[in-house]
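We have chain E already, so just place chain A on it with the hints.
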Amino acid sequence: MEKLFDLRFIIGGFFALVGVILLGYSFLGNSAIDSVTINRWCGIVFIVFGLLMIFLSFQNNGKDE
Amino acid sequence: MNLQPIDYLIIVIYFLFVIGIGFMLKRKIKTGNDFLMSNRSIPLWITSLAFISANLGAQEVLGMCASGAKYGMYTAHFYWIGAGFAMIFLGIYMMPFYYGSKARSVPEFLKLRFDERTRTFNALSFAVMTVFSSGISLYALASLMHIILGWNFNVSIWLSASIVLIYITLGGLTSAVYNEVLQFFLIVLGIAPLVYLGMQKAGGWEGIMQNVNDAKLHVWKGMGSASTNPMGVDAFSLIFGLGFVQSFGYWCTDFLVVQRAMISKNLNAARRTPLMAAFPKILMPAIVILPGIVLLALQNKFTGFELPKNVNGAVDYNMALPLLLQKLYPSGILGVGVTALIASFMSGMAGNVTAFNTVWTFDIYQSHINKNASEKHYLYVGKATTVIGILVSVMTAYVARNFNSIMDLLQLVFSFVNAPLFATFFLGMFWKRTTSTGAFWGLVSGTLAAALTYGLTVAEGKGGWLAHIHEFYSGTSQAFNIAGIAFIVCFLVTVIISLVTKPKQHNELIGLVYSLTPKQKDSAKVWYKNPIWLGVMVLVGMLILNIIFY
Chain E
1 MEKLFDLRFI IGGFFALVGV ILLGYSFLGN SAIDSVTINR WCGIVFIVFG
51 LLMIFLSFQN NGKDE
Chain A
1001 MNLQPIDYLI IVIYFLFVIG IGFMLKRKIK TGNDFLMSNR SIPLWITSLA
1051 FISANLGAQE VLGMCASGAK YGMYTAHFYW IGAGFAMIFL GIYMMPFYYG
1101 SKARSVPEFL KLRFDERTRT FNALSFAVMT VFSSGISLYA LASLMHIILG
1151 WNFNVSIWLS ASIVLIYITL GGLTSAVYNE VLQFFLIVLG IAPLVYLGMQ
1201 KAGGWEGIMQ NVNDAKLHVW KGMGSASTNP MGVDAFSLIF GLGFVQSFGY
1251 WCTDFLVVQR AMISKNLNAA RRTPLMAAFP KILMPAIVIL PGIVLLALQN
1301 KFTGFELPKN VNGAVDYNMA LPLLLQKLYP SGILGVGVTA LIASFMSGMA
1351 GNVTAFNTVW TFDIYQSHIN KNASEKHYLY VGKATTVIGI LVSVMTAYVA
1401 RNFNSIMDLL QLVFSFVNAP LFATFFLGMF WKRTTSTGAF WGLVSGTLAA
1451 ALTYGLTVAE GKGGWLAHIH EFYSGTSQAF NIAGIAFIVC FLVTVIISLV
1501 TKPKQHNELI GLVYSLTPKQ KDSAKVWYKN PIWLGVMVLV GMLILNIIFY
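Chains as they are written, first to last, in our numbering: chain E, 1 to 65; chain A, 1001 to 1550.
If you are wondering where the hints come from, they were derived from the structure by calculation, not from laboratory data.
There is no bait here: all hints are sound.
Going by beta-carbon spacing under 8 Å, a handful of chain A positions derived as facing chain E: (1) I1006; (2) L1009; (3) I1010; (4) I1013; (5) F1017; (6) I1021; (7) I1046; (8) Y1178; (9) L1182; (10) F1185; (11) L1197; (12) P1330; (13) G1332; (14) V1336.
Glycine is no exception: its CB is placed at the ideal position from the N, C-alpha and C atoms.
Extracted from the complex, chain E is given alone in its bound form:
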């Protein structure tokens, strides 16, 4: 439960969620190819960044740096 209050977990959660939305939109939307590409790549990058932050929140117990 304490992990939910870790800032890295919150930031990770935010970017993972926004990433999933962008990735999903890139598959569902009927936009031009360029729009699909940028949303898809940004979605993937956001998800990777978000998961990395969540992973870090479960590491470094007791350490702050």
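Frame of chain E, contents of chain A only:
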């Protein structure tokens, strides 16, 4: 700019997270110290990112992009000359005094080093400055949202103010700092794709070099004279006015940023906060200035990238970033970009409000109105001050809407207040002979000298309300020179009065003056924990960047 439901969804998610952080931290806030000082318990990586994020407000994100389009690479001086050195100086030399003295605010340090009147003068001017700054941020946000998204001015004002109010009132400074870190990542990750798309469309760096006037692609070329570079500033004014006075005055004495380092867990972390922050800071031009330069290349290659005119008929450079968002971002990532823009405004506003409530509660209320109340009492005062601060900000935003020129006036007053302050601190920390009377009258006369210089000089049609004895090439040059003169006057008056008044006893100044304080050896063996090594690395980084973009 036409937002789709997905864009609004991302904005709503951001608002929910921001408020959620406030609710999450609410249970940890029990005393005034928790609310206003985060109980000095924040980890280094958070304080470092909050340190630069507190400065990453609307002026930074929109203003630097606008300056990038107006002055080109010369704008990078605000980072490589106007930030790096001062951040190193703060971390290595000044932070031991701030943190070691146990002062809770910059004005409180002034009280310990000098006296109550110097503290009160600084606390009052700082409190007024921050709350009006917050209002200007709010006004700018609402105006921009109205112009680019067609949102109602009143709704934008009250919605943003309410969200900032909720998360600060619930979680205090910790909530503001946590949100600043989230906002930092959002601004960087939300604008980085714009830089990539813009560069790609412009034909990469090669395309930029072919399509942008060469005079805007350097940082030092033509700096020998104010007339031979787009910024209208000569090298001396730049180095002394920006690199020394303005930069050190802001980064080393403005409580808004210094507060982020003062809430670190220990002295070593407090010293490393500005140094760690300096690494991303010197790279920020890639996110905030480069888009403006990319826009210049796109204007030369394509149609439809022309900037609109403002009410005075001049090119409105502040629209550079919104224009790029509109032209280059499709729905989806557009929501992220607009959210990043909103985040920058809210970050600036929250930073000002948290600094305001700390200074008001500790340096004005506790010092002059109610000295010995309980911690619980100061918690309520801090919360009440937050509400009042936000309401005054909202009022300022409405006043600025009706009297547009008040924004220029307020910005100007801020420069009068900040410019001489570094002289007071510099002398106070490094010259034991500096007296309280000298410091107080030095500050007052430095501030008056700044106002007088503005009244006697003109630049871009501004200033000269007393007489017209000199005209500067640009407003930037005028600002640097005003800062320089204010510093010199404050410095000289402080020295002269100190020489004829009685200084404090040496034993009262231990821990407050460099020469009277035992030197602490930093036992950190690892390079990344050693402030000196970190400072050297930042210096090398700045040197390399200055050489590359000479």
